[in-house]
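Novice: Now for the letters of each chain:
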Amino acid sequence: MSESFFRFVLKHKILVILLTVAVSLMMGSGVQHLRFNNDYRMFFSEENPQLKAFEMLQNTYTKNDNVLFVIEPQDGTVFTRKTLTAVSELTKEAWQIPYSIRVDSITNFQHTYAEGDDLIVEDLVLDPTSLSDEELAAKQQIATNDPLLRNRLISPSAHTTGVNVTVQLPGKKLTEVPEVAAKVQEMAKNLEASYPDIKVHLTGMVIMNNAFPTASQDDMKSLYPIMFGAVILVLVLMLRSIPGTISTLIIIVLMIIATMGLTGWLGIKMSPPTTTVPIVIMTLAIADCVHILVNFLHFMREGEAKYQAMMESLRINLQPIFLTTLTTAIGFLSLNFSDAPPFRDLGNMAAMGVVLAFLLSITFLPAMMMLLPVKALSGDTMGSLAMVRFAEFVIRNKKQLLWGMGILILFLIAQIPSNRLDDRFVEYFDETIDFRQDTDFATENLTGIYLIEYSLESGETGGISDPGFLQKVDAFAQWYRQQPHVLHVNTITDIMKRLNRNMHADDDSWYRLPDQRDLSAQYLLLYEFSLPFGLDLNNQINVKKSATRFTVTLESISTQQLLQIEDDAQQWLLENAPEMRIDGASPSVMFAHIGSRNIIAMLKGTTTALIIISLILVVALRSLRIGGISLIPNLVPMGMAFGLWGLTVGEVGLALSVVSGMTLGIVVDDTVHFLSKYLRARREKNLPGEDAVRYAFSTVGTALWVTSLVLMVGFGILAFSHFQLNAGMGLLTAITLGLALVADFLFLPPLLIYFGGKKP
Amino acid sequence: MKLSLILATLLLTPAVTLAMTAEERGLEIAKEVDSRDTGFHDFKASMTMLLKNRHGEESLRDMRNQTLEVEGDGDKTLVVFDEPRDVKGTALLSFSHKVGDDDQWLYLPALKRVKRIASRNKSGPFMGSEFAYEDISSQEVEKYTYKFIEESEHDGIASYLVERYPVDPNSGYTRQQMWVDKARYIPIKIDYYDRKNVLLKTLVFRGYQQYLDQYWRADEMFMENHQTGKSTLLTWKQYDFRSGLTDADFNKNSLKRAR
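Going down the list, the protein sequences come from chains U and V. Going left to right, the first sequence walks through residues 1 to 760 as the numbering used here numbers them. Going left to right, the second sequence walks through residues 1 to 259 as the numbering used here numbers them.
Keep in mind that the hints are not guaranteed to be accurate.
[Said to hold, decoys possible] With a straight-line Cα cutoff of 30 Å, these simulated BS3-like cross-link-like pairs (lysine-lysine) come out:
#1 Lys52(V) with Lys52(U)
#2 Lys31(V) with Lys52(V)
#3 Lys196(V) with Lys173(U)
#4 Lys112(V) with Lys472(U)
#5 Lys497(U) with Lys147(V)
#6 Lys497(U) with Lys98(V)
#7 Lys92(U) with Lys147(V)
#8 Lys172(U) with Lys112(V)
#9 Lys497(U) with Lys88(V)
#10 Lys82(U) with Lys52(V)
#11 Lys497(U) with Lys115(V)
No lab work stands behind these hints, which were simulated from the structure alone. Bear in mind that the values here come from a model prediction, so they are computed numbers and not experimental data.
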């Protein structure tokens with residue numbers, strides 16, 4: 001059946017070429033629908049419990065997507081007439097930022113004080129130009145000592161200050177984030193132009209969201225050309241055939257266009273992980289083409305006619321290529337178990353690409369080779385002599401290799417626990433990205449970007465005024481402030497204490513929580529009546545006044561440390577205030593859990609894929625024993641790679657959790673090729689184990705190390721990505737594939753010789 | 001009063017209105033709204049606010065309102081809070097002014113003291129609701145400048161669409177679009193635009209009833225915040241016009257007794 005199909009392909013080459021190109025381009029027309037996702041929430045599935053908790057918190061109070069302007073005056077002090085004027089102007093203009101609902105700065109900070117019997121509530125800095133030096137010093141004193149401002153909007157030494165803009169994105173259009181970012185960048189530029197001795201740094205969740213597509217596009221511009229260069233080099237070296245190289249390049253282009261087009265048609269939004277798809281599928285497509293072309297050229301050199309050579313090559317390659325395509329696709333599809341939708345997209349897109357590559361390499365490629373003039377060069381493309389020598393070495397040292405490799409494998413696997421989970425979302429971007437630089441500056445000089453938030457519930461309407469509740473909230477805040485790495489705690493109790501002092505003629509001995517419930521409520525009412533538009537308390541008190549938002553700002557600490565602090569906080573709540581215990585919620589908390597959540601999810605995914613793939617291998621190889629042995633070289637590379645990673649890098653996260661599923665399908669390919677040749681030698685040629693190993697090495701050895709090299713180069717190039725996510729994933733995948741080759745060459749042969757059985 | 005009514009009717013005949021600028025026409029409509037609501041002297045009413053957030057949580061505020069008309073200046077208002085219970089007996093006295101900031105005092109029963117609200121910027125939310133003080137305080141003509149936009153139908157009611165611009169620089173709004181019932185000269189809907197001139201809130205007046213054969217009052221005022229998804233339903237009940245309130249009911253001493 002397949003033979004008549006191939007005859008048709010070779011005969012109607014023009015028709016096949018036109019048809020495949022037309023279909024590919026038709027699929028490719030979906031490219032117009034491709035859009036970049038620019039919301040960090042893309043990494044979380046709708047059912048993610050941490051996302052749900054955070055959404056609930058935001059729906060109870062206000063959303064906290066923000067832009068933070070960090071103002072850095074060159075003279076090292078914020079409290080000058082000039083800098084304060086700049087801050088005040090920026091504060092005023094920030095209300096013009098699209099979707100902004102709130103602007104907080106040291107100038108519009110609602111400062112309260114007593115004047116006679118009145119409570120005065122007004123902007124801390126009203127008219128900066130009119131301030132005397134003494135007044136400036138007084139304002140600095142107030143700002144740097146206020147618990148609401150210090151380490152949040154003003155550094156303790158007053159060398160930097162922040163203007164924080166809260167935006168409420170409707171989330172209806174993908175243009176919202178760039179719209180805000182463009183306005184904010186323009187404002188920063190204008191401010192720097194009017195005040196040359198002030199530097200503005202931009203950070204916040206909106207700026208990060210905007211960095212996703214921009215950094216992705218940078219990645220595409222820099223990585224894709226490198227990848228194409230590498231591919232051309234490899235093809236020319238390996239095939240030494242211009243028509244073969246050209247045909248393969250066209251296939252790669254068609255396959256990428258078609259895959260991206262289908263992605264567009266399916267409405268999948270591009271994200272940092274999926275920008276790697278073209279590179280990933282490019283490397284995999286090469287393998288298919290190379291296998292067909294190498295054999296085709298080999299047969300031609302042996303004197304066969306072009307047509308016969310191609311027919312023969314297709315005949316012997318169809319089954320292994322189909323099998324490897326199937327297993328690779330299953331490996332990628334296992335990414336659907338991931339808890340992070342971008343990786344599901346990555347898996348589905350790569351699976352589509354792999355299937356398209358297979359289809360094109362058995363239609364377009366042979367047709368194209370029939371069309372183009374092909375000259376068979378003398379001499380083999382790959383010296384199999386070296387492989388024969390290598391086979392001898394392996395067979396001679398089979399015992400040492402079995403033990404040596406076995407010990408090495410066990411040693412590396414034992415190192416897996418040295419991996420620590422770490423998902424710091426700022427560090428998803430490398431230091432070349434503006435967002436990362438500015439955020440690092442902000443973290444070192446003003447305030448942190450990692451938060452933990454709690455909605456502390458009193459359990460009754462109006463309960464936030466209850467002295468008992470307030471005491472507990474205050475004790476929680478005191479406890480948090482004593483913890484390491486805590487920069488700032490935002491709590492309503494600080495406002496209550498301040499109001500109590502104000503109501504007692506600013507007497508410092510009254511800086512404490514009011515001891516009557518109605519008194520607290522009435523202070524708060526008076527204060528709320530005095531607050532201007534946009535600076536109300538609705539972002540920290542719910543409508544029933546039964547709960548309050550409690551926000552902790554942390555230094556840039558590891559996921560482990562963050563989870564430890566959250567654990568300690570839970571312990572404290574359990575012991576001291578069990579009735580108001582609630583899990584902390586925030587993007588940092590969400591990212592802190594996503595690594596482990598994803599690892600558990602991917603363990604299921606990889607296991608499922610492994611079972612399916614093993615069953616396929618048992619059926620395809622028609623041997624339970626060999627199918628069983630194949631598990632070892634299929635699984636061992638992942639274990640070794642994660643162990644090696646634990647020894648050297650030691651930090652794993654979201655991106656690395658998908659590597660196992662992704663590599664499984666690819667690793668299997670090498671095993672399939674090696675085992676199928678080994679079995680053919682034993683079954684058809686009746687060779688003993690050692691000779692069968694020699695045969696396998698000499699027939700597919702070269703092809704295996706070359707395709708492994710191509711794959712390692714392809715994934716290795718991802719290490720240059722601006723996204724730590726992609727770089728780590730690429731690097732670990734490359735390592736895994738390298739180790740897979742080591743396992744296939746040094747461990748599988750001794751295994752087969754010792755445990756391959758008498759008559760498979 | 002009668003004279004001004006006749007004058008207004010004359011002014012509003014099409015022949016005359018054609019000659020007016022949009023600003024003049026807008027102002028005329030605002031004045032007519034104001035003049036038709038003049039002369040009620042005083043009223044008492046109870047108010048209930050139902051607050052809702054995006055999460056679906058609800059909360060109630062109960063209060064009583066007393067308003068006294070002041071000739072030549074803005075109205076005096078006394079609001080006494082009944083619910084939430086922690087602020088029960090708290091009373092807010094406001095003297096609104098045609099020109100300049102309104103005066104406000106708050107009586108805090110827990111402290112047994114009257115406090116002046118000394119802030120120059122009172123555009124924050126009223127009792128945590130979606131109403132700002134400036135939305136429910138006495139709507140004096142002088143607090144805005146106006147521009148007539150068009151005659152339009154709203155909800156089947158022939159109305160004037162008038163845009164008004166707050167005079168107070170501390171207002172949270174750049175402009176408001178107000179639909180005024182052509183026949184009764186009462187607002188039926190107001191769109192509020194924030195400082196960046198984006199639609200922030202919509203206020204809809206529902207269930208208008210006429211009192212003393214002249215004064216229209218809505219039973220319900222529904223304010224919806226389009227940006228945060230929060231809303232507040234303000235319900236008015238037990239209107240009592242010309243209930244005999246005098247100036248003596250609206251001073252700092254009366255504030256303490258108000259409970």
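Novice: Are lysine 497(U) and lysine 147(V) close enough, with their CA atoms no more than 30 Å apart?
Specialist: violated, 47 Å
Novice: Quick one, are lysine 497(U) and lysine 98(V) close enough, alpha carbons at most 30 Å?
Specialist: Outside the cut-off at roughly 37 Å; violated.
Novice: Could you grab the alpha-carbon distance between lysine 112(V) and lysine 472(U) and see if it respects the 30 Å cut-off?
Specialist: holds, 27 Å
Novice: Measure nothing beyond the straight line between the CA atoms of lysine 196(V) and lysine 173(U); if it is 30 Å or shorter, mark the hint as holding.
Specialist: It holds: about 19 Å lies between the C-alpha atoms, which stays within 30 Å.
Novice: Could you grab the alpha-carbon distance between lysine 497(U) and lysine 115(V) and see if it respects the 30 Å cut-off?
Specialist: holds, 18 Å
Novice: Would the pair lysine 497(U) and lysine 88(V) pass a check requiring their Cα atoms to be no farther apart than 30 Å?
Specialist: holds, 22 Å
Novice: Keeping to a limit of 30 Å between CA atoms, is the pair of lysine 92(U) and lysine 147(V) held or broken?
Specialist: With a Cα-Cα distance of about 26 Å, the restraint between lysine 92(U) and lysine 147(V) holds, given a limit of 30 Å.
Novice: Going straight from one Cα to the other, do lysine 82(U) and lysine 52(V) come out at no more than 30 Å?
Specialist: Status violated; Cα separation ~43 Å.
Novice: Is lysine 172(U) close enough to lysine 112(V), meaning Cα to Cα at most 30 Å?
Specialist: violated, 50 Å
Novice: CA of lysine 52(V) to CA of lysine 52(U), is that 30 Å or under?
Specialist: Cα-Cα ~20 Å, so holds.
Novice: Regarding the pair lysine 31(V) and lysine 52(V), is the alpha-carbon distance no greater than 30 Å?
Specialist: violated, 34 Å
When each numbered hint is compared with the structure, violations occur for hints 2, 5, 6, 8, 10.
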